[in-house]
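Student: Sequence:
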Amino acid sequence: MKGERGIRPLTIGRKNWLFVGSEDGGKASATILSLVQTCRNLGINPQQYLEGVLRRIMQHPAKQIDRLLPDNWLAARQNAQ
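Here the sequence shown stands for residues 346 to 426, where the numbers follow my numbering.
Treat the hints as calculated values from the structure; they're not laboratory data.
Just to be clear, a hint being listed does not mean it is correct.
[To be verified] Calculated cross-link-like contacts (lysine to any residue; reagent style SDA-like; alpha-carbon spacing at most 25 Å):
1) K408 x P391
2) K408 x S367
3) K372 x I389
4) K372 x Q393
5) K372 x N390
6) K408 x Q423
7) K408 x S379
8) K372 x Q423
9) K372 x L414
10) K408 x R422
11) K372 x I410
12) K372 x L395
13) K408 x C384
14) K372 x V398
15) K372 x R385
16) K408 x G397
17) K408 x V398
18) K372 x R422
19) K408 x Q393
20) K372 x L387
With these hints in hand, go ahead and build the complete structure from the sequences.
Tutor: In structure tokens:
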């Protein structure tokens, strides 16, 4: 049952996504939704994750961008505590 609930927002939003504006807009939406769902699967609050990443991203080295992925972000937070 949990799996069905997980895809429900995708099914409900399907018609809305026909109007994302452009192919780039669709890709951006897919990226954000993927990050949010990954956070949920890892037990991370998606809002806290996105806020934390957006606050750090401008100062973060591009070569270390993988450190901002949800699983690495969670590990860094756990190590800091």
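Student: Sort out which numbered hints this structure fails and list those numbers smallest first.
Tutor: 2, 8, 18
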